[in-house]
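2 protein chains.
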Amino acid sequence: METSRGDLNIPFRTLLGPGPSNVHPRVLRAATTPVVGHLDPRFLELMDETMGLLRFVFQTRNTITLAIPGTGSAGMEAALVNLIEPGDGIIVGVNGYFGERLCEMASRHGAELRRVEAPWGQIIDPDQIERALAQRRAKVVAVVHAETSTGVLQPITPIAEACNRHGALLVVDAVTSLGGSPVPVDDWGADVSFSCTQKGLSCPPGLAPITVSERAVAAAHARRSPIQSWYLDLSLITKYWDSNRVYHHTAPITMLYALREALCLVREEGLEPRWSRHQRLSHALIAGLTALGLKILAPEPHRAPTLTVARIPEGIKDLEVRKALLSEHSLEIGGGLGPLKGQVWRIGLMGESCTQANVLLVLSVLESALARQGWKCEKGAGVVAAVKALA
Amino acid sequence: METSRGDLNIPFRTLLGPGPSNVHPRVLRAATTPVVGHLDPRFLELMDETMGLLRFVFQTRNTITLAIPGTGSAGMEAALVNLIEPGDGIIVGVNGYFGERLCEMASRHGAELRRVEAPWGQIIDPDQIERALAQRRAKVVAVVHAETSTGVLQPITPIAEACNRHGALLVVDAVTSLGGSPVPVDDWGADVSFSCTQKGLSCPPGLAPITVSERAVAAAHARRSPIQSWYLDLSLITKYWDSNRVYHHTAPITMLYALREALCLVREEGLEPRWSRHQRLSHALIAGLTALGLKILAPEPHRAPTLTVARIPEGIKDLEVRKALLSEHSLEIGGGLGPLKGQVWRIGLMGESCTQANVLLVLSVLESALARQGWKCEKGAGVVAAVKALA
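One line per chain: the protein sequences are A and Y, in this order.
Residues -7 to 383 (the working numbering) are what the first sequence spells out, left to right.
Residues -7 to 383 (the working numbering) are what the second sequence spells out, left to right.
Think of the hints as simulated: they come from the structure by calculation, not from any bench.
A few of these clues could be false.
No copy labels: a pair is met if it fits in one copy or bridges any two.
Straight-line Cα separation of at most 25 Å, DSS-like style, residue types lysine-lysine; simulated pairs [what the hints assert, rightly or not]:
{"id": "1", "residue 1": "K231", "residue 2": "K333"}
{"id": "2", "residue 1": "K371", "residue 2": "K309"}
{"id": "3", "residue 1": "K315", "residue 2": "K231"}
{"id": "4", "residue 1": "K315", "residue 2": "K333"}
{"id": "5", "residue 1": "K333", "residue 2": "K368"}
{"id": "6", "residue 1": "K131", "residue 2": "K333"}
{"id": "7", "residue 1": "K368", "residue 2": "K231"}
{"id": "8", "residue 1": "K368", "residue 2": "K287"}
{"id": "9", "residue 1": "K333", "residue 2": "K380"}
{"id": "10", "residue 1": "K380", "residue 2": "K368"}
{"id": "11", "residue 1": "K371", "residue 2": "K131"}
{"id": "12", "residue 1": "K368", "residue 2": "K131"}
{"id": "13", "residue 1": "K309", "residue 2": "K333"}
Construct the complete structure from the given sequences, taking the supplied hints into account.
As structure tokens, this is what we get:
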């Protein structure tokens, strides 16, 4: 026997990485509601209610607004695989790890891919997207709203306007923004936006909220070739979520209980207050990190309020600091992805994790860990700066 | 506002449909364990432990034995999309709804598809598979072990032997058998077997256990074209589950807590006792249904112990009976799929739902519902026959 049975003894972590974020006990409790059938009339009511709540957080009237039975990346793949046919042109904004992932997926689906690049840590220049569209038509433009690898918040409106002028469909990755930052799908005129559950919504990971415009549905209907994925075929998934109720997959029942509860918490707080909370506390965090002598990767005003990415100072050992935070304070922050590995820390303040206590805690423990490696700064500088910013 | 906030007030159901099955409170409790990061050292330990437990239920030494972040159908799509390249030959056994689904997926991935058919309710003749293989080479043969639409249990060994003789890879859909019926992956020599969590394992739905032979890994490595799905690319998923620990997706953390606990329950019971429990109680159920005058669709000895499919007697209204069971007894049984819609009931005895109490309950309430529609049989005939069978 290769395994030994022990009690499930998992420590409580303060989750200040790029996600998952901490989950409200009400959400965990909701997930223990007894399982019912995926076609149970009471469960179908819950699906309807969840669609309504998702429309609320996505600020949209899109009929097709539902939860894909997979993680955020399943949402990304669903967005692309439903729109892209082999040979279709796609322009992808690439300024980080998740822009690369969009390219990787689009290529696998046979897209004729054009990259519009910016350095990691900078926004994509909307004019460059416009020029690429003017040069040669593309069916789809895909961009990341909040780049989880860099903490950059991309302005979507000018890109949406360019897409509109050139008749391209706009796909927006809202994985690290939804629930912590405005994702005004209808105001943008975005055609497909997707997210995850475990960041701004503070639900356990496992579902991918997605919303699809009528224009995107029409484009999917007009395909000449079948959608390569059966599991992520939105026309089939929609027939289960809408009044047809045609069995496609067995919905992750308890995850949907949890998601509904997490969305209820968002609605009780209200979108505007929730966004201001994220904005205010990320400003405090940035003030504190700056006072500690750390540089923020993303320039003002293009910083995602949900995720702050700071450069690791010269001579400081990344892993040693993160291990100290985890083992001594049970606190998780994220390391860098791809070329930023060892170069940055990613500090998330998302959903339930986005509290004043957590801002003060992470600044205080980071200062100690840095001091231990010989980093010099005034004692308590980070915490003091954060408190001032909050005053 | 389209939604109204109310408490999550979901009734307790006795789940005797084709899945989900009832979930042990220990499993639901495990899912409320606090969320940690998907690369947290303690979570990585849990992944290792889960792989060991999955190898135990799949009776395999396959290194790649893990949980896909999606439902059972994601497991099916993963099995096919990793092996199939456009133009590759696949032979699919089709004797029900899920054989059709295998065909649908294989076609979307560009396979050159050959169907070996049997009437719904019959097994696939292994000789026909052998003849098809002899006629023209195929890269993959795919069959359903327990057909969820018919309750037929397919003998796998002769098909595996035929695959072995002709150098084809064997894919086995073990969605409705794993945890309730032997799935001896290594003894069969199956190359990819996948399942779900919400049937024989009695965990909430949302993950797809899968196990992959070295031969299948080699075949995937030898591909000339990339795997069409990034999300279901097993080489990437494996690099997260194995010692590389390369981030691919954010694991559904709490679902994995639940799955581990559900697998621990299987191990505590033991495989043999668990299989006998399912066998014994399904025999009792069949004795009872037969005494009520119902006919079982699948012939002896090809009946899945997890799922019994009975023909609805002439003149009996399907929906009326199922609605009465649900509203009066909070008990769910399944209706027919596809051409069997309105023709059969699917009664599952899976995992935690597979109890003597449930056998007696379903026979008793079914008798009442039938009697109300004028069906004649001796009072208590079903229950009496079941008790005799259990004696």
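Point to revise | Structure-inconsistent hints, enumerated in ascending order | key: 6, 7, 9, 11, 12
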